[in-house]
Every structure is written in C-alpha cells, then in structure tokens.
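Visitor: Each chain, written out:
Number of protein chains: 2
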Amino acid sequence: MSPLPVSASLQDYLEAILNLSANGEPARVTDIAAVLNLAKASVTQALGVLQEQGLVSHDRYGPVALTDQGYRLAVTVKNRHEVILNFLVEVLRVDPLVAEQDACLLEHSVSSQTMEKLVQFLERNNSAGSRMREE
Amino acid sequence: MSPLPVSASLQDYLEAILNLSANGEPARVTDIAAVLNLAKASVTQALGVLQEQGLVSHDRYGPVALTDQGYRLAVTVKNRHEVILNFLVEVLRVDPLVAEQDACLLEHSVSSQTMEKLVQFLERNNSAGSRMREE
DNA sequence: GTAGGAAGTTAGGCATGCCTAACACAAAGG
DNA sequence: CCTTTGTGTTAGGCATGCCTAACTTCCTAC
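Note that the protein sequences, when read in sequence, are chains A and B. Residue 1 is where the first sequence starts when you use the working numbering, and the numbers rise one by one after that. Residue 1 is where the second sequence starts when you use the working numbering, and the numbers rise one by one after that.
Think of the hints as simulated: they come from the structure by calculation, not from any bench. Possibly wrong hints are sitting among the right ones.
Note: identical chains are not told apart, hence a pair may lie in one copy or across any two.
Claimed, not checked - No farther apart than 25 Å at their CA atoms in a straight line, the calculated lysine to aspartate or glutamate pairs in the DMTMM-like style are these:
hint, residue 1, residue 2
1, K117, E100
2, K117, E82
3, K117, E90
4, K117, D95
5, K40, E25
6, K40, E52
7, K78, D31
8, K117, E52
9, K117, D31
10, K78, D68
11, K40, D12
12, K117, D68
Note that the structure is a prediction, hence the values are computed from the model and not measured.
Work out the full structure, taking the sequences as your base and the hints as a guide.
Guide: Now the structure itself:
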C-alpha cells in the first residue's frame with residue numbers, strides 16, 4: 001500500500017494494458033509490445049516485475065489483466081495523461097500529435113500538486129467557457 | 001551541429017556548471033556533485049562524456065568550463081527551466097519549492113513547440129497584464 | 001495427428017547512470 | 001621538507017530497461 005515505486009516505464013505498461021483492455025482486446029503480450037513499440041521479450045520481462053508488485057496478473061502464455069490495485073494505478077496515470085493533453089491542446093494550442101507525445105513524457109514528471117493546480121486551472125478556463133473568445 | 005543526443009542527465013550537468021560559473025565560482029567537480037547531489041566519481045565520469053562531445057573543457061584535476069557550444073546548450077536548458085518555473089508559479093500558483101522540483105524534470109520532457117507556446121502564453125498573460133481581468 | 005506459423009519465453013548482451021572503495025594528486029601548515 | 005586534508009580519478013559493481021537470437025508452446029488447417 002505504500003507509495004510503490006513504479007517507474008515511468010512500468011507506468012507506461014500499465015497505461016497500455018488499460019487502454020487495450022478498454023478496447024475489448026484482452027491485452028496480449030504482442031499487443032502491448034506493438035502499442036509501446038518494444039520487443040515482446042521486453043514486455044514479458046516487465047510483466048514479471050508488475051506481477052511481483054501485484055499490479056498485473058498473467059499466467060504463462062495467457063492474456064494479461066490488471067489487478068484491482070493495478071487498475072487503480074493505471075487509471076491515475078491515464079488521468080494525468082488526459083489532463084496534460086487537454087491543457088496542451090486546449091489552452092496552449094499545441095499541435096495534437098506533438099501534444100500527445102509530450103503528454104506521454106510529462107505525465108511521469110509532474111507532481112501531484114501541480115496536477116491538482118492544472119485541473120483547477122482547466123476548470124476555471126474551460127468549463128466557464130469552452131468557447132471563450134480571444135478576439 | 002546536428003541535434004546532439006544529450007541525455008536529460010547530461011543536460012543537468014551542463015545546467016549546474018552554468019549556474020556555478022555564473023556565480024563566480026569556477027565550477028569544480030566537488031561543487032557540481034554537491035549541487036546535483038551525486039558522488040564525485042559520477043561527475044568525473046559525466047564530464048568525460050561531455051568533453052567527448054565538445055561541450056565542456058576539463059583538464060585533469062582542473063576546473064570545469066563550458067565550451068561555446070556547451071554554453072549555448074546550457075543556456076537553452078536553463079531558459080526552459082525558467083519558463084516552466086515561471087508558468088508553474090505565476091500561472092498555476094504551485095508552491096515555489098514544488099515548482100522548482102517539477103521544473104527540473106519537466107525541462108527535459110517538453111517539446112520545442114510546447115515551449116514556444118508556453119512562452120507565448122506567458123507573454124499574453126503576464127506582461128500584458130500581471131493583473132488581467134478574470135471577472 | 002501433425003506441420004505451419006504466431007505467440008510467448010528464456011538467455012545473454014549492452015548502454016546509461018549511478019554507487020563505493022581505494023588510490024593519486026595538490027595545496028597549505030607546521 | 002613532509003604530513004595532512006581535501007579534491008579528483010580509477011576500478012569495479014549494480015539496477016534499469018532495452019535488445020536479439022533461439023527456443024517452447026499454442027493453435028489452426030490440412
């Protein structure tokens with residue numbers, strides 16, 4: 001329960017698994033490798049670590065599933081990603097493709113406090129007027 | 001001249017050296033190690049790499065200096081740091097200490113485009129009106 | 001059933017980046 | 001001088017995270 005030291009890399013695996021299983025797909029090693037653009041062997045290795053930490057369940061040669069704990073963590077990571085992406089695209093007007101890449105990296109470097117502040121900022125400037133004029 | 005692959009870690013060394021030499025200090029291995037909170041041996045090693053890449057000049061047992069190229073790169077890195085810090089503190093109102101830590105990490109993950117957009121945003125919302133109306 | 005190919009794993013290797021321990025050098029004081 | 005103290009380097013080790021190559025397992029189609 002302690003704030004498990006889940007590296008940026010492992011967070012990426014969790015996020016990928018969440019996205020895959022959200023799409024109905026059962027999250028196989030090959031799919032994860034494809035999404036993350038890594039060798040399958042690397043995925044197998046990472047899954048071993050994630051399983052040790054109780055974040056993933058994975059029988060040999062079987063599909064991969066998030067545990068409850070892993071799911072919660074993955075959702076957190078994905079939220080970060082989306083908040084940051086939203087900010088980059090909607091506020092800064094960064095090109096969506098670039099923003100997507102940036103979000104992938106930034107999501108691992110932003111403190112919780114900054115994330116909160118970012119959410120607050122978006123609530124102020126987004127909901128208040130999703131089309132707020134700038135002319 | 002090509003976009004040298006200078007890792008985040010090496011960028012930190014450059015930034016530290018720039019900050020130290022800006023303070024009059026001659027940037028010694030010990031100082032760099034202290035600033036970055038690393039072992040001196042690690043600094044020596046990194047300096048070797050930086051020297052190979054022509055970013056730093058460093059005679060055995062002597063002080064460390066940035067080359068022209070290294071200086072330019074270090075300034076770029078430092079600028080990124082300051083822009084991000086400024087944004088976090090002035091716009092998001094993140095606690096300065098937390099913001100400082102975040103900036104150290106974020107400066108390595110943000111694309112050039114996002115940096116530009118961030119600068120534009122700050123120019124709009126900072127200089128134009130440090131008290132911009134939000135009512 | 002059995003031969004494919006696809007999926008998954010294992011083994012071994014490599015780069016980065018950090019560490020500690022031990023050694024070499026330097027500069028200053030007695 | 002020569003010893004002491006701090007600075008710098010070298011050597012060796014370790015963790016992470018990736019890779020390729022070779023092997024095993026699975027599944028499907030014949």
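Visitor: The structure should be examined with respect to each hint, and the outcome stated for every one.
Guide: The hints, checked one at a time:
no.	hint	verdict
1	K117 to E100	both (20 Å within a copy, 15 Å between copies)
2	K117 to E82	both (14 Å within a copy, 19 Å between copies)
3	K117 to E90	both (16 Å within a copy, 12 Å between copies)
4	K117 to D95	both (23 Å within a copy, 10 Å between copies)
5	K40 to E25	within (17 Å within a copy, 49 Å between copies)
6	K40 to E52	within (19 Å within a copy, 35 Å between copies)
7	K78 to D31	within (18 Å within a copy, 39 Å between copies)
8	K117 to E52	neither (34 Å within a copy, 42 Å between copies)
9	K117 to D31	neither (35 Å within a copy, 34 Å between copies)
10	K78 to D68	within (15 Å within a copy, 41 Å between copies)
11	K40 to D12	within (15 Å within a copy, 33 Å between copies)
12	K117 to D68	neither (27 Å within a copy, 38 Å between copies)
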